[in-house]
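Peer 1: Place chain V on chain Y using the hints.
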Amino acid sequence: MSRKILGRSVQTLLLSVGAAFILLPFVWMLSLSVKPRDEIFTTDVHFLPSRFEWSNFTFALTETDIPLFLWNGLVMVAGILVFQILFAVPCAYALAQRQFAGRSLVFGLVLGALLVPFHVTAIPIFLGFAQIGLLNTFWALIIPFIPTAFGIFLFRQFFAQLPSDLFDAARVDGMSETSIVWRIAFPLALPAATAFAIFSVTAHWNDLFWPLIATTDPGLATPPRGILYFRDQESGDNVGPLMAAAVITTAPLVIAFLLAQRKFIQGIASGGLKG
Amino acid sequence: MSNILELRDVTRVFGDRTVLDRVSISIRQGSFTTLLGASGCGKSTSLRIMAGLDRPSGGDVLLDGKTVSGLTAYERNVAMVFQSYALYPHLTVAQNIALPLTMRHLSTLGRVPVLGSLVPGASEARRMILAKVGETAEALGLGELLDRKPGQLSGGQKQRVALGRALVRDPSLFLLDEPLSNLDARLRVRMRSEISALHRRTGKAFIYVTHDQTEAMAMADQIVVMIGGKVAQAGAPRELYERPANRDVAAFVGHNAINFLEQGDGIEIGNSVAGLRPEDLSPDTAGTLSARLESAEYLGSEIVLGLRSAKGTEIRAIAPGDYAVPAPGSELRLGFSPRKLHLFDATTGARLETAA
Numbered sequence: 003m004s005r006k007i008l009g010r011s012v013q014t015l016l017l018s019v020g021a022a023f024i025l026l027p028f029v030w031m032l033s034l035s036v037k038p039r040d041e042i043f044t045t046d047v048h049f050l051p052s053r054f055e056w057s058n059f060t061f062a063l064t065e066t067d068i069p070l071f072l073w074n075g076l077v078m079v080a081g082i083l084v085f086q087i088l089f090a091v092p093c094a095y096a097l098a099q100r101q102f103a104g105r106s107l108v109f110g111l112v113l114g115a116l117l118v119p120f121h122v123t124a125i126p127i128f129l130g131f132a133q134i135g136l137l138n139t140f141w142a143l144i145i146p147f148i149p150t151a152f153g154i155f156l157f158r159q160f161f162a163q164l165p166s167d168l169f170d171a172a173r174v175d176g177m178s179e180t181s182i183v184w185r186i187a188f189p190l191a192l193p194a195a196t197a198f199a200i201f202s203v204t205a206h207w208n209d210l211f212w213p214l215i216a217t218t219d220p221g222l223a224t225p226p227r228g229i230l231y232f233r234d235q236e237s238g239d240n241v242g243p244l245m246a247a248a249v250i251t252t253a254p255l256v257i258a259f260l261l262a263q264r265k266f267i268q269g270i271a272s273g274g275l276k277g
Numbered sequence: 230m231s232n233i234l235e236l237r238d239v240t241r242v243f244g245d246r247t248v249l250d251r252v253s254i255s256i257r258q259g260s261f262t263t264l265l266g267a268s269g270c271g272k273s274t275s276l277r278i279m280a281g282l283d284r285p286s287g288g289d290v291l292l293d294g295k296t297v298s299g300l301t302a303y304e305r306n307v308a309m310v311f312q313s314y315a316l317y318p319h320l321t322v323a324q325n326i327a328l329p330l331t332m333r334h335l336s337t338l339g340r341v342p343v344l345g346s347l348v349p350g351a352s353e354a355r356r357m358i359l360a361k362v363g364e365t366a367e368a369l370g371l372g373e374l375l376d377r378k379p380g381q382l383s384g385g386q387k388q389r390v391a392l393g394r395a396l397v398r399d400p401s402l403f404l405l406d407e408p409l410s411n412l413d414a415r416l417r418v419r420m421r422s423e424i425s426a427l428h429r430r431t432g433k434a435f436i437y438v439t440h441d442q443t444e445a446m447a448m449a450d451q452i453v454v455m456i457g458g459k460v461a462q463a464g465a466p467r468e469l470y471e472r473p474a475n476r477d478v479a480a481f482v483g484h485n486a487i488n489f490l491e492q493g494d495g496i497e498i499g500n501s502v503a504g505l506r507p508e509d510l511s512p513d514t515a516g517t518l519s520a521r522l523e524s525a526e527y528l529g530s531e532i533v534l535g536l537r538s539a540k541g542t543e544i545r546a547i548a549p550g551d552y553a554v555p556a557p558g559s560e561l562r563l564g565f566s567p568r569k570l571h572l573f574d575a576t577t578g579a580r581l582e583t584a585a
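Protein chains in written order, with my numbering: chain Y, 3 to 277; chain V, 230 to 585.
I should point out that these hints are in silico values taken from the structure, not numbers from a laboratory. Among the clues, some could well be false.
Here are the simulated SDA-like pairs of lysine to any residue, each with C-alpha atoms no more than 25 Å apart in a straight line [said to hold, decoys possible]:
#1 V:Lys-378 <-> Y:Thr-180
#2 Y:Lys-265 <-> Y:Thr-64
#3 V:Lys-378 <-> Y:Phe-188
Chain V stretches covered by chain Y per the calculated footprint, using a threshold of three residues with CB under 8 Å from any CB of chain Y [as the list claims (entries may be wrong)]:
#4 298-311
#5 566-580
Positions of the beta carbon are idealized from the N, C-alpha and C atoms, including for glycine.
Bound conformation, chain Y alone (with noise of 0.2 Å):
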């Protein structure tokens, strides 16, 4: 008994060391925007200020284009998304419930395409929108994402567990497949489409390498290179606002997750599909 509740304690000692140093960073950051500027730069470590400090907030709000960067960020995560799921949904529906010639040798081929880093992509397709003058666009940011072979893994493997006997239900009552994707599939992958969505709007949202190099001019900052512009301004490293704003760009992620987390959980372990 007694050495059970042993194990617990180290176990439970060891996921709060681990979160603490995931989290620290972030309780910083947390703390730093509310902090007046003096009590930033001290030698001793305050958690909290001595009083807060909210023009941090309306300063960045206000001073900067904060809710210009929200806006393309939003606009940028957006458009993925609803693009990647309108593809990858029907390929991966037509690689679980069709048959055709080369399904598996298709199938191959994405999950081999989950092994290229975008890295190695970046520089041709840079190159490509360079030639058709895309640079510097929203669909320079937007189209490179669009074909997603984590979402089609993801959609298909759900796909795959479905029973085949519904979609030829389906067929039968006179469906067309674009139409049984749509309004059968679709529809019963949303768990797997909420955690596709949370993966998705995370990696792009503070992705900061493609959005450097695909644009350059300042009214298409995504909030990463937001930031950046930040802390440039000449009044060297402003750094109460530069956290406030960084406490902005990083809230919705978290407040998405936390409405979405049931769902993605269920979509991870995507199998509780009862007949």
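Peer 2: Okay, now just chain V, sitting in the frame of chain Y:
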């Protein structure tokens, strides 16, 4: 009467496996046909080919006398009920039943929830669909359940919804793929009579796939026995029972497994195999067959006797319920009417017509 559906020499090959080998089946208008066979005999594949969900590798499918090989399931206007029910889990019972009608009567735009009502004719179509769904649900006793999702229904209710979805569209033909095999025994018997009643009411042809010979015998007016991808015999239940075309059919049809006796089992049949049903074989002091009693199962109305012949062949016989069972190990004499003896060729298994 004319044939509503015909398979002519249909062959289906998956890779190097021949699942259907020159299968020919005719379905009369308004008949109730069962495809009976063990799992893997090709009965479900035949049904899928009839439905248009699968294409034959060779041969012809005729619907109402016309070749329909190129038509989809929907264009053939057949309804199908699946073993797993295949209800759409995210739609309510009403939406499940309405789906075939929405697909037929509403345009793509008309199916969009709010915008759809602006499409000319859509609201009348919607009203008509609603009325038909209500009617069908009422007839199947589903009136209370229209707003439920399939996950909240019992097996029998799901089965009814699946039937409702088939019924609502007024198809030319009903195809049922082992619809009762997921139900418990009691419910199965009840749904059996409900399906029979449905058949009488609609007057449409039903094609029913099953591996349960009791279901087949009880419901069908034509049974097609399939063995190893071929039609072994097709005919009325009585014909199959009384004159099985070969040994395998005789073994498959009949509530009690048939006895096969050979030369030396106390019966003079030469170089052939005799089939004798347990219900045609009973204790009789003047009987010609003799065997040692091994077990007796008392079932109330009858007693099933397990015996062994001198040669060691297992024999089952049925005695009336009031029969006084002798001690195990005693020699019993069994009698049968020669008319009930089926003779089969020892090598091919085909029926020999010289029996009587």
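Peer 1: Could you run down the list of hints and mark each one as holding or not?
Peer 2: Against the structure, the hints come out as follows:
1. V:Lys-378 <-> Y:Thr-180: Within the cut-off at roughly 24 Å; holds.
2. Y:Lys-265 <-> Y:Thr-64: With a Cα-Cα distance of about 36 Å, the restraint between Lys-265 (chain Y) and Thr-64 (chain Y) is violated, given a limit of 25 Å.
3. V:Lys-378 <-> Y:Phe-188: OK: Lys-378 (chain V) and Phe-188 (chain Y) at ~17 Å, within 25 Å.
4. 298-311: It holds: at least three residues are needed, and the segment 298-311 of chain V offers 7 whose Cβ sits within less than 8 Å of chain Y.
5. 566-580: Answer violated; 0 residues pass the 8 Å Cβ test.
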